[in-house]
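Trainee: These are the residues of each chain, in order.
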Amino acid sequence: MSGTPLRRIGALIRRYLYVLRSSWPRLAELVYWPAIQMLTWGFLQSYINAQASAAGVTGRLAVAAGALIGALLLWDSLFRAQLGFSLSFLEEMWSRNLANLLMSPLRPLEFIAALTAMSVIRLVVGIIPVTILAFWFFGFNLWGLGAALVAFFVNLVLTSWAIGLFVSGLVLRNGMGAEAIAWSILFFVMPFACVYYPVSTFPSWLQWVAWSLPPTYVFEGLRALLVAHVFRADLMVEALAINIILLLTGVIAFLKLLDSARRAGSLLQMGE
Amino acid sequence: MPIAQSAGEAPPVISARSLRKIFKRTVAVDSISFDIAARSTTALLGGNGAGKTTTIGMIMGLILPTSGSINVLGVDMARERYRVLARMNFESPYVDMPHRLTVRQNLSVFAGLYGVGEPVGRIAELSRNLALDEFLDRPAGNLSAGQKTRVALAKALINDPEVLLLDEPTASLDPDTADWVRSRLEDYRRRRQATILLASHNMSEVERLCDRVIMLKAGRIVDDGAPQDLIDKFGRDTLEEVFLDIARGRGAPS
Numbered sequence: 000m001s002g003t004p005l006r007r008i009g010a011l012i013r014r015y016l017y018v019l020r021s022s023w024p025r026l027a028e029l030v031y032w033p034a035i036q037m038l039t040w041g042f043l044q045s046y047i048n049a050q051a052s053a054a055g056v057t058g059r060l061a062v063a064a065g066a067l068i069g070a071l072l073l074w075d076s077l078f079r080a081q082l083g084f085s086l087s088f089l090e091e092m093w094s095r096n097l098a099n100l101l102m103s104p105l106r107p108l109e110f111i112a113a114l115t116a117m118s119v120i121r122l123v124v125g126i127i128p129v130t131i132l133a134f135w136f137f138g139f140n141l142w143g144l145g146a147a148l149v150a151f152f153v154n155l156v157l158t159s160w161a162i163g164l165f166v167s168g169l170v171l172r173n174g175m176g177a178e179a180i181a182w183s184i185l186f187f188v189m190p191f192a193c194v195y196y197p198v199s200t201f202p203s204w205l206q207w208v209a210w211s212l213p214p215t216y217v218f219e220g221l222r223a224l225l226v227a228h229v230f231r232a233d234l235m236v237e238a239l240a241i242n243i244i245l246l247l248t249g250v251i252a253f254l255k256l257l258d259s260a261r262r263a264g265s266l267l268q269m270g271e
Numbered sequence: 000m001p002i003a004q005s006a007g008e009a010p011p012v013i014s015a016r017s018l019r020k021i022f023k024r025t026v027a028v029d030s031i032s033f034d035i036a037a038r039s040t041t042a043l044l045g046g047n048g049a050g051k052t053t054t055i056g057m058i059m060g061l062i063l064p065t066s067g068s069i070n071v072l073g074v075d076m077a078r079e080r081y082r083v084l085a086r087m088n089f090e091s092p093y094v095d096m097p098h099r100l101t102v103r104q105n106l107s108v109f110a111g112l113y114g115v116g117e118p119v120g121r122i123a124e125l126s127r128n129l130a131l132d133e134f135l136d137r138p139a140g141n142l143s144a145g146q147k148t149r150v151a152l153a154k155a156l157i158n159d160p161e162v163l164l165l166d167e168p169t170a171s172l173d174p175d176t177a178d179w180v181r182s183r184l185e186d187y188r189r190r191r192q193a194t195i196l197l198a199s200h201n202m203s204e205v206e207r208l209c210d211r212v213i214m215l216k217a218g219r220i221v222d223d224g225a226p227q228d229l230i231d232k233f234g235r236d237t238l239e240e241v242f243l244d245i246a247r248g249r250g251a252p253s
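Here the protein sequences line up with chains R and H, keeping their order. Residue numbers for the first sequence follow numbering that gives the first Met the number 0, beginning at 0 and rising by one. Residue numbers for the second sequence follow numbering that gives the first Met the number 0, beginning at 0 and rising by one.
Rather than coming from a laboratory, the hints here were simulated on the basis of the structure. Note that the Cβ used here is the ideal one computed from N, Cα and C, for glycine as well. Take the hints with a grain of salt, since some may be wrong.
[Unchecked claim] Residues from chain R shown here face chain H by an in silico Cβ test under 7 Å; the list is partial:
id : residue
1  : Pro4
2  : Arg14
3  : Arg172
[Stated by the list, open to error] Take a look, some chain H residues computed to stay more than 10 Å from chain R by CB distance:
id : residue
4  : Ser17
5  : Gly56
6  : Asn128
7  : Trp179
8  : Arg183
9  : Arg191
10 : Gly234
Start from the sequences and build out the full structure, keeping to the hints where you can.
Mentor: Okay, here's the thing in structure tokens:
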């Protein structure tokens, strides 16, 4: 009687869905922040466009402003997917349930699989209504990006998992003191990922840092698509290659940090 | 190092050899060896910091030993623990269940994790046996301490385990509820022919439930035997007096 990996993963996903279902503020929170951000930046973009038009300045300024909402939605997708992963993991810490899971037949890789699934579920719940709002208010159709959107999403979600794994491992090893990292780590990455400006803005030594981050490729790809109407598949492939390395590193780090927590004996004392 | 072993011909269900755990500079468990016979109920007894929880944590695989080995149901826990985890379970006051989930949802999730064949039927059975019906659809976080203990016990029995590890199973319960929980554990052991290892501070609980006691002090086994044998050996009337003798460094009269 040990069940199958899929059944164990399914059981854990069900556990997280029960939590989401049990609290409407949690569900609303998935949509609330992305919507607020999108509206704020969307109106800013509308204002810049209007000013550019009135001043007879069109072209690059207007296009750059036009890319704002797209970049914002993609950045928020990365952020939400990472939070979806990390918060699902933190649920176990908050409820002091981790030892129950680690003592059960659930294997660490199955645990990770459930967390990745929750990251996607939370992302979908949060971002779909916001893309509809973006179209309704500002006429920006994210889904109109077509196949490119899939490439962007895949790369961003993979990055979010790698970061989520690393953060969860740190919390495993260091306890709830490391919880703040889950909320803040992406804001450290943000300036270097060139979300709202091209990599060429950076001095050459900093461009190296930017190109080591997969999201940079996605945002460069987005600008290429919106400005030059060119889909840069090469950027997506390079991002995917870095993501695979990051994801493997994340899995190894998570397993090593779990091992380290077992050595330190901290798994039995974890909780709020 | 002599091996603390109970009588019986069947292979031990739990077997620890030279088990040692050092946290930084603190030796929590100091090279202990013991075997736990099938269908027995054994207590790890000792004061605070004696090494009980650490020993149980190592058997569960939640704490990695610094050295030594643990076998459960013939499987080396360091290398192949996933082969036997579905046949074990545990309850500990240091571990909780998701508060926002109802009792039924919690049990359903754990039934899935343990691969329970008929989860609905099993939950109904546990609900009957442990009197969970009245709060089965209430969030686990809204329950009283006694109700939470019953739910934790239901989780520990969800997979009908052959090996049950309990860390202070009646801690913080009133005497009536504690007595009720002990009765359920006795019933379970008898019906399932299960092997139970528990850590406890409660001497009357140990005298009632256990057919063997392993006394720990500062991470070492200082005595081992049936409760009545230990009482006789120390020339005392109760296990509590034996416990105090050991805790205060008074050995058995020669």
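Trainee: Against chain R, does Arg191 (chain H) hold up as non-interface, every C-beta pair farther apart than 10 Å?
Mentor: Nearest chain R Cβ is 13 Å from Arg191 (chain H), so the label holds.
Trainee: Measuring Cβ to Cβ, find out whether Gly234 (chain H) lies farther than 10 Å from everything in chain R.
Mentor: holds, 37 Å
Trainee: Hint check: is the beta carbon of Arg14 (chain R) less than 7 Å from a beta carbon of chain H?
Mentor: holds, 4 Å
Trainee: Does Arg183 (chain H) really sit off the interface, with its C-beta more than 10 Å from all C-beta atoms of chain R?
Mentor: Label holds. Min Cβ-Cβ 19 Å, cutoff 10 Å.
Trainee: So Gly56 (chain H) supposedly isn't at the interface. Is its beta-carbon more than 10 Å from every beta-carbon in chain R?
Mentor: violated, 5 Å
Trainee: Does Asn128 (chain H) sit more than 10 Å from chain R, CB to CB?
Mentor: holds, 19 Å
Trainee: Taking the closest Cβ pair, is Pro4 (chain R) under 7 Å from chain H?
Mentor: violated, 10 Å
Trainee: Given a cut of 7 Å on the nearest C-beta pair, is the interface hint for Arg172 (chain R) held or broken against chain H?
Mentor: Since chain H brings no Cβ nearer than about 13 Å to Arg172 (chain R), farther than 7 Å, the hint is violated.
Trainee: Evaluate the condition: distance from the CB of Trp179 (chain H) to the nearest CB of chain R exceeds 10 Å.
Mentor: The claim holds: Trp179 (chain H) sits with its nearest Cβ about 23 Å from chain R, beyond 10 Å.
Trainee: For Ser17 (chain H), is the shortest beta carbon distance to chain R beyond 10 Å?
Mentor: Check passes; 18 Å lies beyond 10 Å.
The structure fails hints 1, 3 and 5 (numbered hints given earlier, in ascending order).
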